[in-house]
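Asks: Read off the chains here:
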Amino acid sequence: NAGVMQNPRHLVRRRGQEARLRCSPMKGHSHVYWYRQLPEEGLKFMVYLQKENIIDESGMPKERFSAEFPKEGPSILRIQQVVRGDSAAYFCASSPRRQGTNEQFFGPGTRLTVL
Amino acid sequence: DAKTTQPTSMDCAEGRAANLPCNHSTISGNEYVYWYRQIHSQGPQYIIHGLKNNETNEMASLIITEDRKSSTLILPHATLRDTAVYYCIVRGGGADGLTFGKGTHLIIQP
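Read top to bottom, the protein sequences are chains A and B. Just so we're aligned, residue 859 is where the first sequence starts under our numbering, counting upward by one. Just so we're aligned, residue 426 is where the second sequence starts under our numbering, counting upward by one.
Pulled out of the complex, with its shape left as it was, chain A reads as follows (with noise of 0.2 Å):
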C-alpha cells in the first residue's frame, strides 16, 4: 500500500506566479489535510478536505490560497500571485477516519521556493 504522495517535490516560483501541489492520499483514505512549515517553525493547519468538500479551511490565508480535493484525482493546493514569504514545505496528510481516533499519514512534502 503506497504511501501519501506530493509533487513535486521541490518547486521553484517567481514573485506573482502561480504555485500548485499536488497530493494522492493512501488508497481507501477519504480525508486529505494540507500543512505548511515555514523555515525554522513548526507545522501549522491549512485546510481539511472530504471528496469534493472542503470541511475546514480556518487556517488557509484568506487571499490567494485555495485547495480542492475532487471526485477524482489528487488533492490541489493553489497559490496565486506567489510572495517571498510562501516559501516554505507544504505537508499533505490523509486518513482512514476510524472512528474515536485522528490518525494521519503524512507525505514528503513539497519544498516552495519563491525568487
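Because the hints were derived from the structure by calculation, they are not lab data. No false leads were mixed into what you were given.
Heads up, simulated EDC-like pairs for lysine to aspartate or glutamate below, C-alpha to C-alpha not over 20 Å straight-line:
#1 LYS920/A / ASP944/A
#2 LYS428/B / ASP492/B
#3 LYS909/A / ASP521/B
#4 LYS902/A / GLU921/A
#5 LYS885/A / GLU926/A
#6 LYS527/B / GLU898/A
#7 LYS428/B / GLU899/A
#8 LYS527/B / GLU899/A
#9 LYS477/B / GLU491/B
#10 LYS902/A / ASP521/B
#11 LYS428/B / GLU961/A
#12 LYS477/B / GLU961/A
Residues of chain A clear of chain B, computed beta-carbon distances all greater than 12 Å:
#13 GLY874
#14 ARG922
#15 SER924
#16 PRO928
#17 PRO932
#18 ILE934
#19 GLY943
Glycine included, each C-beta is placed from N, C-alpha and C at the ideal position.
On the provided structure of chain A, position chain B as indicated by the hints.
Replies: Relative to the frame of chain A, chain B by itself:
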C-alpha cells in the same frame, strides 16, 4: 484542544531506552494523546496514540498516568535514526487538523 508541555531537547545514548515526557494537565475526558515525530526535512510520522490505557506497538510504548495529566513516550532501544523532533498532541476523536507545538528535539548519541 488541551495544551501540552514538553522539554525543548533531550539526549539519549544509542541502545538505551528514550523516555519522552509530556504534560497535559487540562486534558478532558474524551481527548486522546497522540505522538508524532519529524525526522529532519521529512514529513511527520505517526507513532502511537492512547486514551486511558497504556499502549504498545512496533515503534514505541505510551504510558499515560492514571489522572491522565501526563504521559511518557518510550522508545525501548533508541537508534541514531530515532533522532527527530517528537510532538505530543492532545485532541478529541474528531477528524480535524492537528495542532503541532514546538515538540522535543531528541538527539541519540552514538
